[in-house]
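Novice: Given next are the chains, with one letter for each unit.
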Amino acid sequence: MMMLGNFDFDVIRRALPYLFFEGMRFTLTLTALAAFGGLVFGTLIALMRLSSYKWLGRIAGFYVDFIRSLPLVLVIFWFYFLVPYIGQWLTGASRPITVGAFASSLITFIAFEAAYFSEIMRAGIQSISKGQPAAASALGLTYAQSMRYVVLPQAFRNMLPVLLTQTIVLFQDTSLVYVLSIPDFLGAASKVAQRDGRLVEMYLFAALVYFVISCVASFGVRRLQSRIAIVR
Amino acid sequence: MIEINHVNKWYGPTFQVLKDCTTSVAKGEVVVVCGPSGSGKSTLIKCVNALEPIQGGDITLDGVKVNDPKTDLPKLRSRVGMVFQHFELFPHLRIIDNLCLAQEKVLGRKHDDAMTKGMKLLERVGLKDHAKKFPAELSGGQQQRVAIARALAMDPIAMLFDEPTSALDPEMISEVLDVMVDLAREGMTMMVVTHEMGFANKVADRVIFMDRGEIVEDAKKADFFGTPRSDRAQKFLSKILQH
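Protein chains in written order, with the working numbering: chain A, 28 to 259; chain B, 10 to 252.
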């Protein structure tokens, strides 16, 4: 009770424009771009894993296992500080290339999500009966066409709830960019908290916002899931 | 039109599904392939458009060697229609889009032309009113008729049917067979794997009987139903015709 007595709602109110227009915008942009990139690359990795060329499948399998056995926060950190030097080495430049915090974190998240989304898309592709690609081939569609027009749309539709759930996890994970002191939503809240000495208010509020958004999104996914189940 | 010469096929190192199969289907001919389950008849028909690879022998389709690595398989397959046991309509596409997809993506037809062709064929199989529906909204018999229309939309030089009525409820079998009979009477070259001996009797020119991966009997319809030469074909016929 004592804590609530000291609770300063006005700190939150004053910080709202900054928190949402700067912080949340960054968080949502990063989430959307990483989810999109992760889906595109994840689908390619899934196709590699399922391809009849064994070595392609092995490379993709190694990549997925490798990524999944690394702590995300470590990679975000590592990537940010090492990529300029790797870039320098690759391009032969005389000094480390500059990679912005946003670009760096986006690439890291895409690389990570690609590994997770690839497993989802692989399950989705495998859930389509073999008769479907056979029918597509029998009509004269090439492998690429049969994937693009027949198999992947169905795999994507079947897996949409799982993909969205993974995106909600991603939305929460983007808060890890705080290690690069990027003002995402959590980073922005943390900045205000330290500036005004209002840690309790700001961190509680941040937790509440993440909780509400994730909850509403999960509820939406569940409704979508039941609708898809009816259509199918 | 279809030449099958000494075809051998194995699943794995030991199990031989097709043993030295040789037969042919001439232009305009209707050939029915029958036999007990596991006899390799479905496998054989899937080898004709290379949905299944073969390990020995040759298959030629309208003069093009199917099992030649240099053959443009998608192009070759687009010229032969195939109808599957489980219909295999694309469930995420409306009926009319099922008919248009390959016309546009493979033959490069304009959308309007593909639509016109598709609607004409739907009318022909009696399903014009269902064009905007999704496959799941149709009965099995209707879906199979759509599948036939989808194959015909590619203007095929021959049609392959892989047990087109085995997954259907009995009351829906005749609506599918009617479409196939019409097609046969119009002179379509057809290779049909089926147990429907009534269909064979009505329109087949020749009947092939397979057992354990071999072509045991390959005879004119009258000879096959009149006096099958082999014991196995006789037994098979007496079993399926006694009811």
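Hints in this document: simulated from the structure, not taken from any laboratory.
Check before you lean on any hint, since a few could be wrong.
What the hints assert, rightly or not - List time: in silico SDA-like cross-link candidates among lysine to any residue, alpha-carbon distance up to 25 Å:
1. B:K141 x A:R184
2. B:K211 x B:G37
3. B:K119 x A:Q172
4. A:K218 x A:G127
5. B:K55 x A:K218
6. B:K79 x A:S79
7. B:K229 x B:Q243
Every value quoted in this text rests on a predicted model; they were computed, and no experiment measured them.
Novice: Does each hint hold? Answer for all of them.
Specialist: Going through the hints against the structure:
1. A hinted pair counts as satisfied when its Cα atoms are at most 25 Å apart, and K141 of chain B with R184 of chain A qualifies at roughly 20 Å.
2. For the proposed pair K211 of chain B and G37 of chain B, the alpha carbon gap of about 15 Å is at most 25 Å, so the pair holds.
3. Distance restraint check for K119 of chain B and Q172 of chain A: the Cα-Cα separation of roughly 17 Å lies within the 25 Å cut-off, and the hinted pair is therefore satisfied.
4. Our distance criterion of 25 Å between C-alpha atoms is met by K218 of chain A and G127 of chain A, whose separation comes to about 20 Å.
5. At most 25 Å may separate the alpha-carbon atoms for a hinted pair to count; K55 of chain B and K218 of chain A exceed this at roughly 66 Å.
6. This hinted pair checks out: K79 of chain B and S79 of chain A have alpha carbons roughly 19 Å apart, not beyond 25 Å.
7. Between the alpha carbons of K229 of chain B and Q243 of chain B the distance comes to roughly 15 Å, so the proposed pair stays at or under 25 Å and holds.
In the structure shown, a violation is registered for the earlier hint numbered 5 alone.
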